[in-house]
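S.K.: Sequence:
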Amino acid sequence: TPKSLFSWMTRVLYNRRSNFNPLWNTFVVGGIQDGEPFLGYIDKIGIAFNDPTIACGFGAYIATPLLREAYEANPKMSLSEAEKKIDECLKVL
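Each residue of the sequence shown is one higher than the one before, starting from 1 at the first, in the working numbering.
Don't read these hints as lab results, they were simulated from the structure.
All values reported here derive from a predicted model rather than from experimental measurement.
Beta carbons: idealized from backbone N, C-alpha and C, even for Gly.
Hints are supplied without guarantee of correctness; some may be wrong.
[To be verified] Below, a list of computed lysine to aspartate or glutamate pairs in the EDC-like style, where the Cα atoms sit at most 20 Å apart:
#	residue 1	residue 2
1	K76	E88
2	K91	E81
3	K3	E36
4	K76	D51
5	K76	D43
6	K44	E72
7	K44	D34
8	K3	D51
9	K3	D43
10	K85	E72
11	K84	E69
12	K3	D34
[Stated by the list, open to error] Cβ pair distances, simulated, as ranges:
#	residue 1	residue 2	range
13	W24	E81	29 to 37 Å
14	R11	M77	27 to 35 Å
15	E72	R16	19 to 27 Å
16	S80	I32	27 to 35 Å
17	R11	K76	32 to 40 Å
18	L39	L93	34 to 42 Å
19	K84	N21	39 to 47 Å
20	E83	F20	37 to 45 Å
21	K76	F20	27 to 35 Å
22	Q33	E83	19 to 27 Å
All chains should be built: construct the whole structure from the sequences, respecting the hints.
M.R.: Written out as C-alpha cells, the structure is:
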C-alpha cells in the first residue's frame, strides 16, 4: 500500500542519514488506499509529510502555492481541470 511504502522509505532514508550515508534523493509517493488518495513527500534526511498537493525541487517554491490555491477552491476538481492547472504550473516554471 502507498502508506506502508511511504513509512518504510521514511525509515530507510532516516536510517541512512543517521549513519552519515544519505541517499541523495527526494521521493513523492502517491496512490489510492482504502478508496482515498494518498500523496507523501520524503527527502534525503528522512523528513516526511503527506498533503493533498506536493511538488519537489524548485517546483515546491513556485507550483505548490498555485496547486494549493486550486485545491482549496475546488477539492473535487475533474481530471481535465487538474491537467490545466498542472500545465499552468509548468508554464510558470
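S.K.: Take the hints in turn and mark each one as holding or not.
M.R.: Against the structure, the hints:
no., hint, result
1, K76 with E88, "holds (18 Å)"
2, K91 with E81, "holds (15 Å)"
3, K3 with E36, "holds (11 Å)"
4, K76 with D51, "holds (15 Å)"
5, K76 with D43, "violated (28 Å)"
6, K44 with E72, "violated (29 Å)"
7, K44 with D34, "violated (28 Å)"
8, K3 with D51, "holds (12 Å)"
9, K3 with D43, "holds (16 Å)"
10, K85 with E72, "holds (13 Å)"
11, K84 with E69, "holds (14 Å)"
12, K3 with D34, "holds (11 Å)"
13, W24 with E81: 29 to 37 Å, "holds (35 Å)"
14, R11 with M77: 27 to 35 Å, "holds (33 Å)"
15, E72 with R16: 19 to 27 Å, "violated (35 Å)"
16, S80 with I32: 27 to 35 Å, "violated (19 Å)"
17, R11 with K76: 32 to 40 Å, "holds (33 Å)"
18, L39 with L93: 34 to 42 Å, "violated (19 Å)"
19, K84 with N21: 39 to 47 Å, "holds (42 Å)"
20, E83 with F20: 37 to 45 Å, "holds (42 Å)"
21, K76 with F20: 27 to 35 Å, "violated (45 Å)"
22, Q33 with E83: 19 to 27 Å, "holds (23 Å)"
Comparing the model with each numbered hint stated earlier shows that hints 5, 6, 7, 15, 16, 18, 21 do not hold.
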